[in-house]
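> What follows is the residue order along each chain.
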Amino acid sequence: MSNPKVVRILFVLLSIGASLLVTSVLVMVVGQSPLDVLDRIWQGAFRNSESTAGVFNFWIPLALCSMGLILTFTAGLWNIGAEGQVLAGAIAASWAARTFVLPNEIQIPLELLFAVAGGALWGLLIGILKTRFGVNEIFGGVGLNAIISVYSIYLIAGPWQPPEGGSAQSTQPFPDHALLHPMNETFPVSLIALILTAVAIVAVYLLLRGTRWGLQLKATGKNAKSALLLGVPTTRATLTALMAGGVLAGLAGAYRVLFTYDSLRPNVSGGIGYLGLLLVLLTGMSAIWTPIVAFIFAAILSGSTRLRVSLGLDSSLAGVLQGILVLSMLLFNGVRQRWEERRKSKTVTPSAVESQPTPSNAKAASGE
Amino acid sequence: MELEFQHINKTFGRVRANQDISLTLRAGRIVGILGENGAGKSTLMKILSGYQPADSGEILVDGVPLHAGNPQAAIEAGIGMLQQDPLDVSPFTVLENFTYGQVPGKRLNSREAAKRIREQAALFGFDLDPDQTISSLSIGQRQQLEIMRLLELGVKALILDEPTTGISAEQKEVLFAALRNLAKRDGLIVLLVSHKLEDVIALCDEVVVLRGGVLVGDRQMPATTAELVELMFGQALTPQSRESVPLGSSALRFDGVTLRNKRVAVEKFTLEVRHGEVIGFAGLDGSGQELILRACAGLVRPSAGHILLNGQDLTGKHFRAYRENGVVFSSAGRVEEGLIAGLTLTEHLAVTNSGAFIDWEAQRERTAAQIKHFNVRGTPESEIQQLSGGNQQRFLMALLPDRPNLLVLEQPTRGLDVDSARISGSSCWRAVMLARQSCSHRPIWMRW
Numbered sequence: 232m233s234n235p236k237v238v239r240i241l242f243v244l245l246s247i248g249a250s251l252l253v254t255s256v257l258v259m260v261v262g263q264s265p266l267d268v269l270d271r272i273w274q275g276a277f278r279n280s281e282s283t284a285g286v287f288n289f290w291i292p293l294a295l296c297s298m299g300l301i302l303t304f305t306a307g308l309w310n311i312g313a314e315g316q317v318l319a320g321a322i323a324a325s326w327a328a329r330t331f332v333l334p335n336e337i338q339i340p341l342e343l344l345f346a347v348a349g350g351a352l353w354g355l356l357i358g359i360l361k362t363r364f365g366v367n368e369i370f371g372g373v374g375l376n377a378i379i380s381v382y383s384i385y386l387i388a389g390p391w392q393p394p395e396g397g398s399a400q401s402t403q404p405f406p407d408h409a410l411l412h413p414m415n416e417t418f419p420v421s422l423i424a425l426i427l428t429a430v431a432i433v434a435v436y437l438l439l440r441g442t443r444w445g446l447q448l449k450a451t452g453k454n455a456k457s458a459l460l461l462g463v464p465t466t467r468a469t470l471t472a473l474m475a476g477g478v479l480a481g482l483a484g485a486y487r488v489l490f491t492y493d494s495l496r497p498n499v500s501g502g503i504g505y506l507g508l509l510l511v512l513l514t515g516m517s518a519i520w521t522p523i524v525a526f527i528f529a530a531i532l533s534g535s536t537r538l539r540v541s542l543g544l545d546s547s548l549a550g551v552l553q554g555i556l557v558l559s560m561l562l563f564n565g566v567r568q569r570w571e572e573r574r575k576s577k578t579v580t581p582s583a584v585e586s587q588p589t590p591s592n593a594k595a596a597s598g599e
Numbered sequence: 045m046e047l048e049f050q051h052i053n054k055t056f057g058r059v060r061a062n063q064d065i066s067l068t069l070r071a072g073r074i075v076g077i078l079g080e081n082g083a084g085k086s087t088l089m090k091i092l093s094g095y096q097p098a099d100s101g102e103i104l105v106d107g108v109p110l111h112a113g114n115p116q117a118a119i120e121a122g123i124g125m126l127q128q129d130p131l132d133v134s135p136f137t138v139l140e141n142f143t144y145g146q147v148p149g150k151r152l153n154s155r156e157a158a159k160r161i162r163e164q165a166a167l168f169g170f171d172l173d174p175d176q177t178i179s180s181l182s183i184g185q186r187q188q189l190e191i192m193r194l195l196e197l198g199v200k201a202l203i204l205d206e207p208t209t210g211i212s213a214e215q216k217e218v219l220f221a222a223l224r225n226l227a228k229r230d231g232l233i234v235l236l237v238s239h240k241l242e243d244v245i246a247l248c249d250e251v252v253v254l255r256g257g258v259l260v261g262d263r264q265m266p267a268t269t270a271e272l273v274e275l276m277f278g279q280a281l282t283p284q285s286r287e288s289v290p291l292g293s294s295a296l297r298f299d300g301v302t303l304r305n306k307r308v309a310v311e312k313f314t315l316e317v318r319h320g321e322v323i324g325f326a327g328l329d330g331s332g333q334e335l336i337l338r339a340c341a342g343l344v345r346p347s348a349g350h351i352l353l354n355g356q357d358l359t360g361k362h363f364r365a366y367r368e369n370g371v372v373f374s375s376a377g378r379v380e381e382g383l384i385a386g387l388t389l390t391e392h393l394a395v396t397n398s399g400a401f402i403d404w405e406a407q408r409e410r411t412a413a414q415i416k417h418f419n420v421r422g423t424p425e426s427e428i429q430q431l432s433g434g435n436q437q438r439f440l441m442a443l444l445p446d447r448p449n450l451l452v453l454e455q456p457t458r459g460l461d462v463d464s465a466r467i468s469g470s471s472c473w474r475a476v477m478l479a480r481q482s483c484s485h486r487p488i489w490m491r492w
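Protein chains in written order, with this note's numbering: chain A, 232 to 599; chain B, 45 to 492.
Just so you know, these hints were derived from the structure itself, not from any lab.
Treat each hint with caution, since some may be false.
Calculated pairs, DSBU-like style, for lysine-lysine (alpha carbon to alpha carbon, straight line, at most 30 angstroms) [unchecked claim]:
#	chain 1	residue 1	chain 2	residue 2
1	B	Lys216	B	Lys228
2	B	Lys150	B	Lys240
3	B	Lys228	B	Lys200
4	B	Lys216	B	Lys306
5	B	Lys416	B	Lys240
6	B	Lys361	B	Lys306
7	A	Lys453	B	Lys216
8	B	Lys361	A	Lys456
9	A	Lys456	B	Lys306
10	B	Lys416	A	Lys456
11	B	Lys200	B	Lys216
12	B	Lys228	A	Lys453
13	B	Lys312	A	Lys456
14	B	Lys240	B	Lys228
15	B	Lys216	B	Lys159
16	B	Lys240	B	Lys200
17	B	Lys159	B	Lys200
18	B	Lys150	A	Lys453
19	B	Lys312	B	Lys361
20	B	Lys150	B	Lys200
21	B	Lys240	B	Lys216
Per the computed footprint, the stretches of chain B lying under chain A, defined by three or more beta-carbons under 8 angstroms from a beta-carbon of chain A, are [as the list claims (entries may be wrong)]:
#	region
22	346-360
23	363-371
24	382-388
Computed list of chain A residues with no C-beta within reach of chain B, every gap over 10 angstroms [unchecked claim]:
#	residue
25	Arg329
26	Ser380
27	Phe418
28	Trp444
29	Leu461
30	Val551
Note that CB positions come from ideal geometry on N, CA and C, so glycine has one too.
Work the whole structure out from these sequences, hints included.
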């Protein structure tokens, strides 16, 4: 019990267990077997490679978006605007998909580049509003989310509607050469996206651990006034953090239009911007835990789609489970922190250093 | 009332803040708690006032054990603490703050409370109006309010943590008169935590000295400064001598500069500082020193006039432009403005460096060297808020860049004891030497 890492994992498992227990009680109240429900969710998520691919397809944009949010949260920014940045990326990628007619190998990088630029621009706008005009990033984010959301609906219902007439359901599907392709039939996941996500996770981890920029974000986030006096370019830190968050959110948006769907649709993000916020708060901005917890969420969400078919339960039960999971994780996080504090004040050697970067990581990061 | 500490122990990590402290305090006495930074004074007072529990040991109030680690229980037992930064709520009025903490059943209505404030203020000679907002009060007035609030709660033992920091000489006289009255007339126990020996000598009946968490002395006053210094440090300290340095070219020029904030305006201020000069700003807090010092670093923009640095006009430029021109600014509020709570010492040093990547091993070594050089009590992995005030100040000195053109220090010795101030003094002197600046003290007096 003395190893804090083991304790941490233990607490995560404990919170998952507790939330399952509470959900079970709720399921039993409506006269269903909780084991059945769990089994169906599990089956829904992992019964075969196609369903597992479904989990990954939800995980990829969620993880991308969440990793970007870690950067903005580290800089002390409540980037509610992530949702809008996802949409901006989706719209930019859609524009490129509709405009260019190029071989797939060239077209895809071009579309992703547009998505990245779109997301970054939408993030930068929040930053400019904040640093130049003193608009809090939460308000700026909410405003920009609304604008881009309405704009996407305008595009779908107006200029980008299918030639047979707009039903406001989606744009004309993009041609095949403009879409991301699955790696194979039995595991339909985009390899490019999977690789990009892995790179994003590692990059965010290393940026925060071993670079001056990462430390500047942290310093700005904890105390911008002091950071400025210490010589940190705090305005630049704010702007770049929001842009970097926008880059990853934009990629997530591109994935939604170029793979999950084949067109731009209303609410194309499916709320991953907001879900990402929740996740990052939940994991305390941990670059290691965020993708893992994102995967658990993706599995529950993806798996629960089968509940209605098999048990006649609405898939919103997954939302209930998710909500309880969030609450119990926050609860157990609090319990763990108290426990650690008590332990810290009792032991003779201070153990406040565990969360600090270790030399080996730092060396790896600095490329020495 | 009688307070009895019985074998109080408290450790923080490796630091033994209080070791087996036993002490008895009697009614009607003003007791000074002396010790250098990190000696364990604040810890002991926090244990007494219920802000944190002791690891072991007990405090008896008239023979009854005090419920540990609970400020409310402490107040109910008659123990109240005036924090260095008074615990008030700034958007609210004196009246509203005065009634906080009162037991619901016995709460005064606002008319009674206003009357009470006026009576008490008149009695003590305090300058307080029930309808003023906290943000319009000086630190001294906020202290007065907090003292009145605690007395209203029925406090019989009053702890004051560095009460004379940041208040005017007149406010200090009023405060001391009030404290004497409280002890002699009303029979309160007054505990004065202070670094300022002259305050302790002027006010106290008895002095308790802590060193390294251990009670090393308990002495009836009067005693001389030299005796007390020796008790505090275990040795006598000698003041440092000052070298004189020839003055160089113009480092900073204020040309008819007008500066304003909500409270005070500095009109058409003109000043020339040459390399090698040390300028002191004296006067009551809030008379405009803060504005001028901040204008030196580009943190406040003048509404008229020009600021020249090494002959270059930097009027209206951003702080960063000043910094690039060798201006180093260190503010009075350390953890609010200057240091970053939640960052380790190594991270502080690393963030002030340049280069895209961080070699943590090298940074840690550099931090360890700076810690040693500036005699900071802490490790490279300590988070800054875990350090005591004096150690934070010394580490802040370690963070200042080498070879500044102009060093702007706002209350650099605030809350420091003689020894810390000596160390800080010598180290900033080192920086000044590097910049070919030194001590031709030219004080500037400031009034409203």
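> Go through the numbered hints given earlier and state which of them the structure violates, listing their numbers in rising order.
2, 7, 12, 18, 22, 28, 29
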